[in-house]
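Chemist: Construct the complete structure from the given sequences, taking the supplied hints into account.
For the sequence shown, the numbering used here begins at 923 and goes up steadily by one.
Just so you know, the hints here were simulated from the structure itself, not pulled from any lab data. Any given hint might turn out to be false.
To be verified - Computed spacing ranges between beta-carbons, pair by pair:
| no. | residue 1 | residue 2 | range |
| --- | --- | --- | --- |
| 1 | Ile1027 | Asn925 | 39 to 47 Å |
| 2 | Ile931 | Ile1049 | 24 to 32 Å |
| 3 | Ala926 | Thr954 | 34 to 42 Å |
| 4 | Thr985 | Thr1082 | 22 to 30 Å |
| 5 | Val1094 | Leu1023 | 18 to 26 Å |
| 6 | Ile950 | Lys1041 | 32 to 40 Å |
| 7 | Asn925 | Ile1083 | 45 to 53 Å |
| 8 | Phe977 | Val928 | 16 to 24 Å |
| 9 | Ile1006 | Ile1083 | 15 to 23 Å |
| 10 | Lys1034 | Pro956 | 42 to 50 Å |
| 11 | Ser1053 | Leu1016 | 15 to 23 Å |
| 12 | Phe977 | Gly1090 | 23 to 31 Å |
Where a beta carbon is used, it is the ideal one built from N, C-alpha and C, also for glycine.
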Amino acid sequence: MRNARVQRISINALFLAIIMLMSFVPQIGFITIPGLVEITLIPVVVFIGAYFLPFYGGIFLGTSFGILSLIVAFIRGAGNPTVIPFQNPLVSVLPRVIVGLLASIVFNFVRKKFYHNKKHIGIALGISGFSLSIIHTILVLAMLAIVNQWGWEYFVSVITINSIIEAGLALVLVPLIGVRLHSYVPKLSNLKVKQPKRANKQVENIN
923 MRNARVQRIS INALFLAIIM LMSFVPQIGF ITIPGLVEIT LIPVVVFIGA
973 YFLPFYGGIF LGTSFGILSL IVAFIRGAGN PTVIPFQNPL VSVLPRVIVG
1023 LLASIVFNFV RKKFYHNKKH IGIALGISGF SLSIIHTILV LAMLAIVNQW
1073 GWEYFVSVIT INSIIEAGLA LVLVPLIGVR LHSYVPKLSN LKVKQPKRAN
1123 KQVENIN
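Modeler: Here is the structure:
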């Protein structure tokens, strides 16, 4: 029990370290493309963490992502008009906390519902990552539009491009990584794995 708890703390720290690395190293977690709001790959890490960790995992990682985004905005904000708006916690922190909570809810359901269904787990992870990524983009850009009073035409054009890129990456990466590390889910998430009914029947027939 104690070893399992230490293991989960270590995995939390590992995911947090990955988010920190992607936040502070340029062009890894936040990719700057001229004419667009920065595209970020960090939500993918949050989604994967939400799948592998207990319910609090997504909330913890989403909040950490938001706080680190706020810190990075102050470090890199000088002379960068696309980064300065993220110095407002309503833009940098709040959307990530909300998405972290949603990720915890969604992936907790996926984990319990599809763990034994290897044919559908990849599809479920892909759809979940894709949908949550779009929600993340909409929340962030909506807060940017409100805080900066953007026109709706600019808002729609930016959100379309950003959401397609970020959601497409989530659609590919979340199931790709999730399926590869599928066997670690019970150990890290406290998921009580029961034998499928077919397996139980086979055992009974053998006896």
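Chemist: None of the hints should be skipped; say for each whether it holds.
Modeler: Structure-based check of each hint:
no.	hint	in the structure
1	Ile1027 to Asn925: 39 to 47 Å	28 Å, violated
2	Ile931 to Ile1049: 24 to 32 Å	30 Å, holds
3	Ala926 to Thr954: 34 to 42 Å	41 Å, holds
4	Thr985 to Thr1082: 22 to 30 Å	28 Å, holds
5	Val1094 to Leu1023: 18 to 26 Å	24 Å, holds
6	Ile950 to Lys1041: 32 to 40 Å	34 Å, holds
7	Asn925 to Ile1083: 45 to 53 Å	46 Å, holds
8	Phe977 to Val928: 16 to 24 Å	19 Å, holds
9	Ile1006 to Ile1083: 15 to 23 Å	20 Å, holds
10	Lys1034 to Pro956: 42 to 50 Å	43 Å, holds
11	Ser1053 to Leu1016: 15 to 23 Å	19 Å, holds
12	Phe977 to Gly1090: 23 to 31 Å	28 Å, holds
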